[in-house]
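Asks: Below, each chain spelled out in residue letters.
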Amino acid sequence: MMRKAKEKPPNLAIKLAGISLKNPVMVASGTFGYGEEYAQLVDLNRLGAIVAKTITLKPRLGNDPPRIVETASGVLNSIGLQNVGIDTFINEKLPFFKEYDVPLIVSIAGETTDEYVQLAKTLQGEKITGLELNLSCPNIKYKRKLMFAQNPQATHQVVSRVRKAISLPLMVKLSPNVTDIASIAKMCEEAGADGVSLINTFTGMAIDVENRKPMLRQVTGGLSGPAIKPIALRMVYEVHKAVRIPIIGIGGIMTAGDALEFIIAGAKAVAIGTGNFVDPLIPIKVIDGIREYMVNNKIKDIKSIVGRLKCPKS
Amino acid sequence: MMRKAKEKPPNLAIKLAGISLKNPVMVASGTFGYGEEYAQLVDLNRLGAIVAKTITLKPRLGNDPPRIVETASGVLNSIGLQNVGIDTFINEKLPFFKEYDVPLIVSIAGETTDEYVQLAKTLQGEKITGLELNLSCPNIKYKRKLMFAQNPQATHQVVSRVRKAISLPLMVKLSPNVTDIASIAKMCEEAGADGVSLINTFTGMAIDVENRKPMLRQVTGGLSGPAIKPIALRMVYEVHKAVRIPIIGIGGIMTAGDALEFIIAGAKAVAIGTGNFVDPLIPIKVIDGIREYMVNNKIKDIKSIVGRLKCPKS
Amino acid sequence: MVQVDAKILENRELGSQRYKMALSAPQIGCQAKPGQFIHVRVSKGFLPLLRRPFSVHRVQGQKIEILYKVVGKGTEILSRKKGGEYLDILGPLGKGYQLPSATSKISDIILVAGGTGVASLLFLAESISVANPELSILVLVGAKNREELLCEGDFRRLGCRVEVATENGTRGYKGLVSELLEKCLPLSGDRPKPIVFACGPSEMLKMIGKISRKHRFPCQVSLEERLACGVGACLGCVVKTKGSTYTYKRVCKDGPVFDAGELIWE
Amino acid sequence: MVQVDAKILENRELGSQRYKMALSAPQIGCQAKPGQFIHVRVSKGFLPLLRRPFSVHRVQGQKIEILYKVVGKGTEILSRKKGGEYLDILGPLGKGYQLPSATSKISDIILVAGGTGVASLLFLAESISVANPELSILVLVGAKNREELLCEGDFRRLGCRVEVATENGTRGYKGLVSELLEKCLPLSGDRPKPIVFACGPSEMLKMIGKISRKHRFPCQVSLEERLACGVGACLGCVVKTKGSTYTYKRVCKDGPVFDAGELIWE
Ligand SMILES: Cc1cc2nc3c(=O)[nH]c(=O)nc-3n(C[C@H](O)[C@H](O)[C@H](O)COP(=O)(O)OP(=O)(O)OC[C@H]3O[C@@H](n4cnc5c(N)ncnc54)[C@H](O)[C@@H]3O)c2cc1C
Ligand SMILES: Cc1cc2nc3c(=O)[nH]c(=O)nc-3n(C[C@H](O)[C@H](O)[C@H](O)COP(=O)(O)OP(=O)(O)OC[C@H]3O[C@@H](n4cnc5c(N)ncnc54)[C@H](O)[C@@H]3O)c2cc1C
Ligand SMILES: Cc1cc2nc3c(=O)[nH]c(=O)nc-3n(C[C@H](O)[C@H](O)[C@H](O)COP(=O)(O)O)c2cc1C
Ligand SMILES: Cc1cc2nc3c(=O)[nH]c(=O)nc-3n(C[C@H](O)[C@H](O)[C@H](O)COP(=O)(O)O)c2cc1C
Ligand code: FES
Ligand code: FES
Chain A
5 MMRKAKEKPP NLAIKLAGIS LKNPVMVASG TFGYGEEYAQ LVDLNRLGAI
55 VAKTITLKPR LGNDPPRIVE TASGVLNSIG LQNVGIDTFI NEKLPFFKEY
105 DVPLIVSIAG ETTDEYVQLA KTLQGEKITG LELNLSCPNI KYKRKLMFAQ
155 NPQATHQVVS RVRKAISLPL MVKLSPNVTD IASIAKMCEE AGADGVSLIN
205 TFTGMAIDVE NRKPMLRQVT GGLSGPAIKP IALRMVYEVH KAVRIPIIGI
255 GGIMTAGDAL EFIIAGAKAV AIGTGNFVDP LIPIKVIDGI REYMVNNKIK
305 DIKSIVGRLK CPKS
Chain B
5 MMRKAKEKPP NLAIKLAGIS LKNPVMVASG TFGYGEEYAQ LVDLNRLGAI
55 VAKTITLKPR LGNDPPRIVE TASGVLNSIG LQNVGIDTFI NEKLPFFKEY
105 DVPLIVSIAG ETTDEYVQLA KTLQGEKITG LELNLSCPNI KYKRKLMFAQ
155 NPQATHQVVS RVRKAISLPL MVKLSPNVTD IASIAKMCEE AGADGVSLIN
205 TFTGMAIDVE NRKPMLRQVT GGLSGPAIKP IALRMVYEVH KAVRIPIIGI
255 GGIMTAGDAL EFIIAGAKAV AIGTGNFVDP LIPIKVIDGI REYMVNNKIK
305 DIKSIVGRLK CPKS
Chain C
-13 MVQVDAKILE NRELGSQRYK MALSAPQIGC QAKPGQFIHV RVSKGFLPLL
37 RRPFSVHRVQ GQKIEILYKV VGKGTEILSR KKGGEYLDIL GPLGKGYQLP
87 SATSKISDII LVAGGTGVAS LLFLAESISV ANPELSILVL VGAKNREELL
137 CEGDFRRLGC RVEVATENGT RGYKGLVSEL LEKCLPLSGD RPKPIVFACG
187 PSEMLKMIGK ISRKHRFPCQ VSLEERLACG VGACLGCVVK TKGSTYTYKR
237 VCKDGPVFDA GELIWE
Chain D
-13 MVQVDAKILE NRELGSQRYK MALSAPQIGC QAKPGQFIHV RVSKGFLPLL
37 RRPFSVHRVQ GQKIEILYKV VGKGTEILSR KKGGEYLDIL GPLGKGYQLP
87 SATSKISDII LVAGGTGVAS LLFLAESISV ANPELSILVL VGAKNREELL
137 CEGDFRRLGC RVEVATENGT RGYKGLVSEL LEKCLPLSGD RPKPIVFACG
187 PSEMLKMIGK ISRKHRFPCQ VSLEERLACG VGACLGCVVK TKGSTYTYKR
237 VCKDGPVFDA GELIWE
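Residue numbers (our numbering), protein chains in the order written: chain A, 5 to 318; chain B, 5 to 318; chain C, -13 to 252; chain D, -13 to 252.
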């Protein structure tokens, strides 16, 4: 197929919570380290944005191994938020991004609302593009047993307190381990979040039957990968009907087709997680594939298909 | 390896909610019809039990097609409880089982608590082994938006009212689309259920990006198959810690190893769903495989490994 | 209906991503009727998870044949199988074509095939010509282009008259095979109405259904839907049919062949 | 570190489910050091989902070799690949063995290989004998039985002394290769301590770690853990190492080779 010279290339750029992205394809927290490891393999400047591995106030050692096990079309992980802590992050990891022209979203997690606020305030002064509140890590123990993102009140409180403390663009990463994700997303919107990231991992487990032992040392872990895509997609669809703030669709994206499913279901941007492990070039292939789809389907602007699922009347 | 003549074959028989099963391997509701279709391919008498396709008071036409779509290691379905209704079931389907020596558990669903009670009472007089309350079909619209199994109070009410109305063994089939399945299972136990079946399908969806249309006519459907196994297993594990009534483990079981994972996590029995479509002999292969495992590991009685996961202290 | 591990005797590419596979499955061959299908587990593992259905294309002694086109991952895996390997198959499944009874005085038979729809119709033509050698059969074969035409020679060898339609006009009538059908119909008043059997893409079947309604001839169509169990247990494969309001019938068990008149096309 | 589509030159079964695969990957070969590994996508699809790591076994001009054992679905798929196909690989990855520097006056080198652990040690032996031809290398090769012994001849051709241990005693010392190590140690006071390099199952490495602590000789071990990313980004592959209390290091990036003394064995 020849394109006439005058046809403009399709526009993949979007605005997400006030942030300008070249394209809607990001990499998800915890699956891309702090960018350094993949920089040799992937042109970071081509990515829509990078979400850094979640950081906490103090450095965290993380969980005992084994931490990873493969399941049918999925991966269980129990990293346990191993990270260098906010100070080392700022001093040693952040400078790396100066050389790059790619939006950096920093993911933070605290055990209490105060910790979130403190982390956010510390980052407010730094050269970063936005903040993602990870309210949904299944691999750490919470005081009240439930994660923040499983509790509408706790979610509302932490989001509104962080919102008041900072002016940075603010995303909230939600958990799929809930009865009604749309109501939690609404809480985020009410509390002033600029966007929601859907979804973090599902709590799951696997057993070594020969030894009758859990495959992960922590017994349970977070399930990611293509296995969870149909559920993640449904959640994006439900949340899109419930809120107006933009959605970042996450969960099992391996191809441009997968990413487009999320966009059509209502995600303004998407993020690749486990896909980075499978093939570090997946984010780039997804960007190229979305562009090709737009050319073939005469879509001039990616925004024009966000949430445009044609549902038959029933 | 030779077995000495005096060694007794391992005991796979269990008692489940007062029902005696030859072995712990059942077939799950909705995936085995009313037994007739598979009778030519599988020796029904070898099965631990058959759970019939869910029936309702009135016949139901079910949802518009397409109703089935395959996903990564999973299947989405939106059958919508198509069934012949209780009267035709009793008159035309039930007689078929007279020729067989296999426990029959009848699954029922109502739109209201009263309907469940009425269905249960109607079945009380029939030649069936037990009842399963399907509180968790994701493919029908509920009055209060949520399914019964997503609402602890509604669950408690329907289970206790049915419990009072009948003396048949009573299982309750729960939904994984909840924040805390253990608390729902506890409600069932308190309300007098004899067992819980975990789990029904996850609500999910898939999109045909070329046409920007949902793959299922009803947009969303229920996700089953190996994809969901790690989450189902975790739910069995959590519920096993919370209740004393027996658990039927369901979700993605394709092999004896899968079934053993559920048993070790805390399920007294398991049920095969999607596996029947993949290979109608899976239930038989699972039974044989469990027996082989028991011989190899010198396990005399299957009951002795129910819930016997060895967790390292952390 | 049986489940067997059938040995692959041959798996030959016919060009344009179409393959013919021969399997040793006497237990299925001896029961199979035209229009029935087998349900194939293409992988010993669980990817793809579900079986894939294929019409019985031919039965010859111990062996059965299927004719298939590579359209996705399941058929792609199938196409890479080699003679000597084994395939887990269920069959014969479904309700096939209702053959015109040998005694009744009857009219012309027209078979309309679109794409791989020829697969089941060749078996049908063979069966009719064995049971009712005096019947004349007209076969209309449609495809996108001449490269994708299938089985023309096979039908001629059976003594059928064959007309061809290609969408791009590279052979025979230029256009859809359903249009060709309308041109071929013997509409003169006193000739008995033909019986039409059709198999192909659903758009084509829908048009042929319309034509059969308009010209009031009996017409059987073989439908495709996504199947899960293939044996009638899961209710995943239904089509809307006429009833007091409407009712759903299972493609895998009540079909895949239906009277065009009983279907409600959407 | 690069990602390449490497052509498979050969994939040969050595017996007992062990295979040797040669790949054309000059970009990796020219950088690779003994103890480093490549991360292989065994399937173009997504089953298995994750890559599989294999040590660089040998580098010869344009080509690199791996030596692997079929233990599960990933290696099973790998074993069915044919020369001429392409594999998506990442490499070279990780931190390899610290070679004894050519100038320092040094002691004996002992390599201890268990099972497919020989894979990385042959590359190490080659490198040492090129860099430091005067060094004497003793190689202890362990396996379950004589059929599973690997690379004995390769080591001898390099001029290494080779001793063998089999668990069932069908060749050489009957028992574990770690026991054989303890027997072979030159413990007489004035000989300089040997440097030991070990690769094999974790139980074996743990025992060798103990022996090295007891006899106080330097010892490097190459560990295996389940990897996800392979490049240090996911923190999935950690092992416990000594720190103020303890700390986790990544097998894929900080290893796979570690000083035995820095590990905390569970
Ligand atoms: C009763 C019956 C008989 C059939 N006989 C034949 C035959 O003789 N020869 C032949 O080539 N094909 C036949 N088919 C169609 C064949 O089953 C599908 O092409 C095949 O299952 C596709 O599998 P896949 O994994 O390659 O494609 P997938 O990767 O699953 O899908 C690829 C594309 O094919 C479509 N598709 C997949 N399955 C079906 C289906 N069951 N019906 C309609 N569209 C589908 C999908 O929408 C998608 O666009 C028959 C189908 C039925 C129901
Ligand atoms: C740095 C490194 C270098 C390696 N080099 C080699 C080599 O040169 N030759 C070779 O044969 N093998 C090597 N391995 C091990 C090899 O990667 C695994 O055997 C392989 O990944 C198994 O894949 P599978 O899909 O066949 O097995 P699976 O089906 O995934 O698992 C089968 C069995 O193998 C075990 N297993 C799987 N992956 C690993 C792993 N990463 N570490 C330990 N046990 C595992 C599982 O617990 C299970 O019991 C190396 C591993 C690492 C980490
Ligand atoms: C190894 C691993 C580590 C992860 N760590 C984090 C994390 O630190 N913070 C976070 O918000 N999400 C984390 N996630 C979740 C991912 O960002 C993503 O939400 C999830 O994996 C689903 O997407 P996927 O299916 O594309 O992987 C992690 C996921 C994996 C697999
Ligand atoms: C096609 C289909 C129809 C189903 N119908 C029912 C049903 O009528 N009642 C019910 O309780 N569960 C129904 N289920 C859910 C299964 O019984 C089972 O809980 C679920 O599929 C998970 O198990 P699996 O992964 O082994 O399939 C259905 C599942 C499928 C795939
Ligand atoms: S495919 Fe299951 S009823 Fe037809
Ligand atoms: S495998 Fe990801 S850090 Fe090692």
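Bear in mind the hints are in silico, worked out from the structure with no lab data behind them.
Hints may be right or wrong, so weigh each one.
[What the hints assert, rightly or not] Derived DSS-like pairs: lysine-lysine, alpha-carbon spacing no greater than 25 angstroms straight-line:
#	chain 1	residue 1	chain 2	residue 2
1	C	Lys239	B	Lys62
2	A	Lys217	B	Lys314
3	C	Lys192	C	Lys235
4	C	Lys30	D	Lys68
5	D	Lys81	D	Lys130
6	C	Lys67	C	Lys81
7	B	Lys217	A	Lys314
Asks: Each of the hints needs a verdict: does it hold here or not?
Replies: Now the hints, each set against the structure:
no.: 1; hint: Lys239(C) x Lys62(B); in the structure: holds, 23 angstroms
no.: 2; hint: Lys217(A) x Lys314(B); in the structure: holds, 5 angstroms
no.: 3; hint: Lys192(C) x Lys235(C); in the structure: holds, 17 angstroms
no.: 4; hint: Lys30(C) x Lys68(D); in the structure: holds, 20 angstroms
no.: 5; hint: Lys81(D) x Lys130(D); in the structure: violated, 29 angstroms
no.: 6; hint: Lys67(C) x Lys81(C); in the structure: violated, 28 angstroms
no.: 7; hint: Lys217(B) x Lys314(A); in the structure: holds, 5 angstroms
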